[in-house]
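Enquirer: Put together the whole structure using the sequences plus the hints.
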Amino acid sequence: MSAELIQDQSIGNIGNDYSQYGFQDKEDYIFKSGRGLTEEIVRKISSMKNEPEWMLKYRLRALSIFLKKPMPKWGNCGLLDSIDFENIFYFVRSSERSEKNWDDVPEGIKQTFDRLGIPEAERKFLAGVTAQYESEVVYHSIREDLLAQGVIFLDMDTALREHEDIIRKHFGTVIPAADNKFSALNSAVWSGGSFVWVPEGIRVEIPLQAYFRINAENMGQFERTLIIAEPGSYVHYIEGCTAPTYSTDSLHSAVVELIAKPGSHIRYTTIQNWSKNVYNLVTKRAVAHADSKVEWVDGNLGSKLTMKYPAIHLVGERAHGEVLSIAFAGEDQHQDAGAKMVHAAPNTTSMIVSKSISKNGGRTSYRGLVKVHPNCPGSKSNVKCDALLLDEKSRSDTYPTMEIDEKDVTIEHEATVSKVGEEQLFYLMSRGLTQDEATAMIINGFFEPFTKELPLEYAVELNRLIQLEMSGSVG
Amino acid sequence: MTAKQPILSVQNLHAKVEDKEILKGVDLEIFPGEVHAIMGRNGSGKSTLSYTLMGHPRYVVTEGKILFKGVDITEMTPDERARSGLALAFQYPVAIPGVSVSNFVRASVNAVRGKDVPIKEFRAELKDQMKKLGVANEFLGRYINDGFSGGEKKRLEILQLALLKPALAVLDETDSGLDIDALKTVSEGINNLSNPETAILLITHYQRILNYVEPQFVHVFQDGRIVKSGGGELSKELEARGYDWVSQELTPSGVS
Chain D
0 MSAELIQDQS
10 IGNIGNDYSQ
20 YGFQDKEDYI
30 FKSGRGLTEE
40 IVRKISSMKN
50 EPEWMLKYRL
60 RALSIFLKKP
70 MPKWGNCGLL
80 DSIDFENIFY
90 FVRSSERSEK
100 NWDDVPEGIK
110 QTFDRLGIPE
120 AERKFLAGVT
130 AQYESEVVYH
140 SIREDLLAQG
150 VIFLDMDTAL
160 REHEDIIRKH
170 FGTVIPAADN
180 KFSALNSAVW
190 SGGSFVWVPE
200 GIRVEIPLQA
210 YFRINAENMG
220 QFERTLIIAE
230 PGSYVHYIEG
240 CTAPTYSTDS
250 LHSAVVELIA
260 KPGSHIRYTT
270 IQNWSKNVYN
280 LVTKRAVAHA
290 DSKVEWVDGN
300 LGSKLTMKYP
310 AIHLVGERAH
320 GEVLSIAFAG
330 EDQHQDAGAK
340 MVHAAPNTTS
350 MIVSKSISKN
360 GGRTSYRGLV
370 KVHPNCPGSK
380 SNVKCDALLL
390 DEKSRSDTYP
400 TMEIDEKDVT
410 IEHEATVSKV
420 GEEQLFYLMS
430 RGLTQDEATA
440 MIINGFFEPF
450 TKELPLEYAV
460 ELNRLIQLEM
470 SGSVG
Chain F
0 MTAKQPILSV
10 QNLHAKVEDK
20 EILKGVDLEI
30 FPGEVHAIMG
40 RNGSGKSTLS
50 YTLMGHPRYV
60 VTEGKILFKG
70 VDITEMTPDE
80 RARSGLALAF
90 QYPVAIPGVS
100 VSNFVRASVN
110 AVRGKDVPIK
120 EFRAELKDQM
130 KKLGVANEFL
140 GRYINDGFSG
150 GEKKRLEILQ
160 LALLKPALAV
170 LDETDSGLDI
180 DALKTVSEGI
190 NNLSNPETAI
200 LLITHYQRIL
210 NYVEPQFVHV
220 FQDGRIVKSG
230 GGELSKELEA
240 RGYDWVSQEL
250 TPSGVS
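If you read the protein sequences in the order shown, they are chains D and F. Position 412, counted from 1, in the first sequence is what numbering that gives the first Met the number 0 calls 411; the numbers after and before it change by one each time, with no gaps. Position 5, counted from 1, in the second sequence is what numbering that gives the first Met the number 0 calls 4; the numbers after and before it change by one each time, with no gaps.
Source of the hints: derived by calculation from the structure; they are not laboratory data. There could be a bad hint or two in this list.
Calculated cross-link-like contacts (lysine-lysine; reagent style DSSO-like; alpha-carbon spacing at most 30 Å) [claimed, not checked]:
no., chain 1, residue 1, chain 2, residue 2
1, F, Lys19, D, Lys392
2, D, Lys418, F, Lys15
3, F, Lys126, D, Lys451
4, D, Lys383, D, Lys303
5, D, Lys72, D, Lys56
6, F, Lys119, D, Lys123
7, F, Lys119, D, Lys451
8, D, Lys292, D, Lys180
9, F, Lys114, F, Lys3
10, F, Lys131, F, Lys235
11, D, Lys56, D, Lys68
12, D, Lys168, D, Lys370
13, D, Lys99, D, Lys25
14, D, Lys451, F, Lys130
15, D, Lys109, D, Lys99
16, D, Lys72, D, Lys392
17, D, Lys451, D, Lys292
18, D, Lys275, D, Lys451
19, D, Lys392, F, Lys15
20, F, Lys19, D, Lys418
21, F, Lys114, D, Lys451
22, F, Lys114, D, Lys123
Expert: In structure tokens, the structure reads:
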């Protein structure tokens, strides 16, 4: 049944465009920082949030690291070097506080999220929602039963006030500020994001969701997310992202840290559909303890440049990590995505499945690392990268790195590049489907291993997005 | 019979593939209720005819035209032809990984019928046809032709035709690669497609399938065109005497 529903919805929606997401709201903010990054702005962010002294120090230290660190000398250097850090707004407060009641959210913002279908999604199939608009979360809710079980799901600013001890103990332990230039930037100016803590043995069966919206031009969004799954617990967290279409660039640079304690299971799903003027430079990393399982399900459709390599450090015996990602690059887009698996304990296993599609001169890159430390016998890793090119001017590259310092391992790597076949198109068209419908069907099929891992509503949405990307693009 | 309009009228059809002329003046008329067979050696251009009828973009018509239900479809795209009631069962149906049979068949039926068939109605119809063709339920969840055996592919082709109910079904070497049991089932499926309003064009190398699907008209295809036409008995003669006999018969009249 579910598969048929997906089909129905995708077929009926050809010809839509990003205008559903690309609209702009009038700026009506409580506070908007000046352009550019200074110590003063970092202090202002911290004081406006009434943060403890240690966090201010953490931010200031991160700022000095950011200023000292050179830009990465890999990836798409041309695009990276064109980021004008002095032209970005680093902090925008759009609402006095995060509301628990949807009706209390400021009218303009509420309309925005209504248009994006967020409250509807919450009613239908979510256990909790946060909605972040610019720098801060404007709406947040969690189901009563989860609250009663002790599950914490808060925006990070509130979590720092209400659970300072847990945050202080874990914040920045998975991704230190000095990890890379953009994690340093995030650590200096972070705002918003989610904090999730699942008590021992509790399974949160339906997903928690965060929705991130950038509205202002030249905005920088730097959310910070930390998820801790106590032993034997389970949680599925989903995030979605959109922004208006502007002629100048915005920057999204998040840091996401996951801690999977023994025997726990975290699944983290992203559907990134930023407008094509957003730099999406995100650091995501998980630590997986013994017998735990971490999955990154990562969908990259939008943005100008995405550089993102979700990582899993398998530090406990028999820990298992999976990264399942798709990337879709159209004109003037570069999706440089991949995964990192670090095997640091015996009998750990990992799987990476990466699927990418390039069209209209778009570029996709798979960049991945599989590392097995010494004394980790029985480690197994399987990497599979498939790229589909829709025309001659598009491009796909694979940069796999393997660092194996242990003999008793099983490592498999497989990569393919293919084109949408003329015979496939002819076959589908000879059964009545138009060229666009046929192409979208082939692409949906190519992404199916990814789509089937999504909750139904997301799978429908993703197929619809693909349809929209494909309409009128062929022939 | 001539009072009726032909479903298909192919007139002096020439077609090339990558600058090589393959069809060299095909003339063919098919009326409602008729079953035609085109027989010929491998390489005679039979499959090119089926692809050209369906509008494969690499098969370029250089001369002549194809009228379908009185409308010139020579310039139409394959999906337009499909929606006007033409269907082709492929000799080598391609695999499309990740797309389930049920999704595809439903999309296809909706596209060809020009309306969304209610899901219950569609399911009932599908189940009924699957039963007739001896197709198992698990078929629906599999990806199109992906990992299918030769027999499974052909059954899926016939299943689709049964649901699409085309005015003209062209079957390209549907009998190839089938064992005798599969051949019987598939032939029965083909016979079920036939009714007074529709027509069937079988393209085949062997006479074997014609024991089960009996054509009223048999055409011999050679060097890109029809060189001889006759009734059902012609296929048996071909089986007994081979294709050389036709060639020899033609040579004196100047066709090499």
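Enquirer: Now look at each hint and say whether the structure bears it out.
Expert: Hints, one by one, checked against the model:
no. : hint                  : in the structure
1   : F:Lys19 <-> D:Lys392  : holds (28 Å)
2   : D:Lys418 <-> F:Lys15  : holds (24 Å)
3   : F:Lys126 <-> D:Lys451 : holds (25 Å)
4   : D:Lys383 <-> D:Lys303 : holds (25 Å)
5   : D:Lys72 <-> D:Lys56   : holds (29 Å)
6   : F:Lys119 <-> D:Lys123 : holds (25 Å)
7   : F:Lys119 <-> D:Lys451 : holds (24 Å)
8   : D:Lys292 <-> D:Lys180 : holds (29 Å)
9   : F:Lys114 <-> F:Lys3   : holds (29 Å)
10  : F:Lys131 <-> F:Lys235 : holds (29 Å)
11  : D:Lys56 <-> D:Lys68   : holds (18 Å)
12  : D:Lys168 <-> D:Lys370 : holds (27 Å)
13  : D:Lys99 <-> D:Lys25   : holds (24 Å)
14  : D:Lys451 <-> F:Lys130 : holds (29 Å)
15  : D:Lys109 <-> D:Lys99  : holds (13 Å)
16  : D:Lys72 <-> D:Lys392  : holds (25 Å)
17  : D:Lys451 <-> D:Lys292 : holds (19 Å)
18  : D:Lys275 <-> D:Lys451 : holds (26 Å)
19  : D:Lys392 <-> F:Lys15  : holds (28 Å)
20  : F:Lys19 <-> D:Lys418  : holds (25 Å)
21  : F:Lys114 <-> D:Lys451 : holds (27 Å)
22  : F:Lys114 <-> D:Lys123 : holds (29 Å)
The structure agrees with every numbered hint stated previously.
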